[in-house]
Amino acid sequence: MTPQLEATLRRLPDRPGVYLFRDARGTVLYVGKAQSLRLRVRSYWQKRRPAEALRIESALDRVAEVEYTLTDSVSEALLLEANLVKRTQPRFNVRLKDDKSYPFIKITLADDFPRVERTRRLPADGSRYFGPYASASSVDEAMNLIRRLFPFRTCTIPIRDGERALPRPCLLYHIKRCQGPCIGAISKAAYRRDVEQVILFLEGRQGAVVRALTVQMEEAAGRLEFERAGVLRDKVRSIERTMESQKMAAHARTEEDILGLAHQEGAAAVQLFAVRDGKMVGRDVFLLENVQGASEIDLLTAFVKQYYAAASSVPRAVLLPLGLPEAVELSAYLAGRRGGPVRLRVPLRGEKRQLVALATRNAAEHLAREQARWLADEGKTRTALVELADALGLAVPPARIEGYDISNIGGTNAVGSMVVFEDGRPRTGEYRRFRIQGVRGPDDYASHREVLHRRFRRARTGDEGAEEELRWRMPDLVLIDGGRGQLSVAVEVLAEIGLRDLPVAALAKEREELFTPDRPGPIVLPPDSPALYLVQRLRDEAHRFAIGYHRRLRAKQAVRSAFDEVPGVGPARRRALLRVFGSTRRVREAPVAQIAAVPGIGPALAARIKAVLEA
Numbered sequence: 001m002t003p004q005l006e007a008t009l010r011r012l013p014d015r016p017g018v019y020l021f022r023d024a025r026g027t028v029l030y031v032g033k034a035q036s037l038r039l040r041v042r043s044y045w046q047k048r049r050p051a052e053a054l055r056i057e058s059a060l061d062r063v064a065e066v067e068y069t070l071t072d073s074v075s076e077a078l079l080l081e082a083n084l085v086k087r088t089q090p091r092f093n094v095r096l097k098d099d100k101s102y103p104f105i106k107i108t109l110a111d112d113f114p115r116v117e118r119t120r121r122l123p124a125d126g127s128r129y130f131g132p133y134a135s136a137s138s139v140d141e142a143m144n145l146i147r148r149l150f151p152f153r154t155c156t157i158p159i160r161d162g163e164r165a166l167p168r169p170c171l172l173y174h175i176k177r178c179q180g181p182c183i184g185a186i187s188k189a190a191y192r193r194d195v196e197q198v199i200l201f202l203e204g205r206q207g208a209v210v211r212a213l214t215v216q217m218e219e220a221a222g223r224l225e226f227e228r229a230g231v232l233r234d235k236v237r238s239i240e241r242t243m244e245s246q247k248m249a250a251h252a253r254t255e256e257d258i259l260g261l262a263h264q265e266g267a268a269a270v271q272l273f274a275v276r277d278g279k280m281v282g283r284d285v286f287l288l289e290n291v292q293g294a295s296e297i298d299l300l301t302a303f304v305k306q307y308y309a310a311a312s313s314v315p316r317a318v319l320l321p322l323g324l325p326e327a328v329e330l331s332a333y334l335a336g337r338r339g340g341p342v343r344l345r346v347p348l349r350g351e352k353r354q355l356v357a358l359a360t361r362n363a364a365e366h367l368a369r370e371q372a373r374w375l376a377d378e379g380k381t382r383t384a385l386v387e388l389a390d391a392l393g394l395a396v397p398p399a400r401i402e403g404y405d406i407s408n409i410g411g412t413n414a415v416g417s418m419v420v421f422e423d424g425r426p427r428t429g430e431y432r433r434f435r436i437q438g439v440r441g442p443d444d445y446a447s448h449r450e451v452l453h454r455r456f457r458r459a460r461t462g463d464e465g466a467e468e469e470l471r472w473r474m475p476d477l478v479l480i481d482g483g484r485g486q487l488s489v490a491v492e493v494l495a496e497i498g499l500r501d502l503p504v505a506a507l508a509k510e511r512e513e514l515f516t517p518d519r520p521g522p523i524v525l526p527p528d529s530p531a532l533y534l535v536q537r538l539r540d541e542a543h544r545f546a547i548g549y550h551r552r553l554r555a556k557q558a559v560r561s562a563f564d565e566v567p568g569v570g571p572a573r574r575r576a577l578l579r580v581f582g583s584t585r586r587v588r589e590a591p592v593a594q595i596a597a598v599p600g601i602g603p604a605l606a607a608r609i610k611a612v613l614e615a
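Read left to right, the sequence shown gives residues 1 to 615 (this note's numbering).
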């Protein structure tokens, strides 16, 4: 333990808060919360250590700094802990797998005519969010059902009540998947009434939706609007069929989540059944990672903290397969999220116990399927890595491979990409983009030289002012997209930096041939070789990543160029226009009055913008 760390431990306050263990490079290793920071953090280096100290023992040897944040209560500390785990992705915390990318359904309530859309970001913009869902397909299934019942708009065109935004509607209106607010086919009040039904539906309150639609159906029939009444009747029947399929053994007013946990061989899954009004309105399985050495209590506690930190709704009760030592603190934390009391229960008998057992069996079945798939994939991947090592003459299969590509279509906005595969799988969190700075025109060799030099120079020298590269691990193999020329550049750069022994190869696309510095001719892998499939995947991923970045830069430049010709449109107004319309094409197609309604534009400037864009 360093003197600085000892001094920090001595100064720790006897108050609730959250602590972070960092290594010498500042990387977060572990995040935890405590009723007393002084007692909890010090205990990791004492004889009587907390249970998780054994699980993260290898991390404790690397701790160079302890950072902490004070909170007013343990409940506040729980929320902060969950958010920090999500943001920093510490290596030694149990966490939801790919937590940052779970999808939500978003309803843009700030609009006169709200959109219902899928999102993975949750800004505080006045919208309602529902989720998280375990997969994008779960979101799409829910949205398709809602769209059939209550056709909502998906376009981003600004539409205001009483205005006709477009001269004619899109195809979705004609196939009855949108109600045409853009042409004034539905009033704001009627559209908003449907949005309220969508919200009730997503909250799991289908019974309330059926009752509201039944009243509307009877009112329509009373006005002799039989076609309208028939449409409403069909919606009621459709929802009732959905409710019938969701029925389960539960009391009519039940509002609870039922959790089941499966844990084996370094993997864990949680099955969640969401029950509202006695009906199962959602069922998702969530995988956990970094579970080695964790107890089932650790796993379930981590899930409850992290899932409900982002969940759009918290039920009155959560049924668990086992008791949690932090149950009182977690109940208070969930009550704060819900705005009302929340019970954490472990049912011991009867129908509730059977539901928890059912959720547990579902979690175990899902985990078994995933493990079977992982084992099959791992077998193929191991074979591919061994074959690749043999083909390239490497002493051991490369655990970490970095692939590089350059995109400079048209000679402008040249960019480079670096993608990382570890144990044959993409590590998207370690992908990097490089904007080429010192090369003019389409010079692929010079661009490769700049990217590789920037990647390896800092990591090699360990300069004090190093950028993010300093934290990157050295690869076991560098793969360049190209042929002999690109390979020669890579070899020269690595030699200049002092990395002559770092294995490097190039994959030429035309004939899918591999080139290495020590062989005069190409290496041709069999067409059905797992090793060839692996390097092709890596090469294609690097190409996709570079092309995507290049296109974004070109699109930004095109937008700047278009608006640069309009006097009075600077960066702030340009951003305002793009926030509303999304692209220059949509600005060009919009009426002058609609452009003028954008904050900071006005009628005169809108007319100038329209004239320039249509010229």
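One thing to keep in mind: the hints can contain errors.
To be verified - No more than 35 Å apart at the CA atoms, straight line, and that leaves these computed lysine-lysine pairs for DSBU-like:
(1) K176 - K86
(2) K176 - K97
(3) K235 - K188
(4) K352 - K86
(5) K235 - K509
(6) K352 - K97
(7) K86 - K380
(8) K188 - K176
(9) K97 - K86
(10) K47 - K86
(11) K509 - K188
(12) K380 - K235
(13) K610 - K176
(14) K380 - K509
Hints in this document: simulated from the structure, not taken from any laboratory.
Keep in mind it's a predicted model, so treat the numbers as computed, not measured.
So which of those numbered hints doesn't the model satisfy?
1, 2, 5, 11, 12
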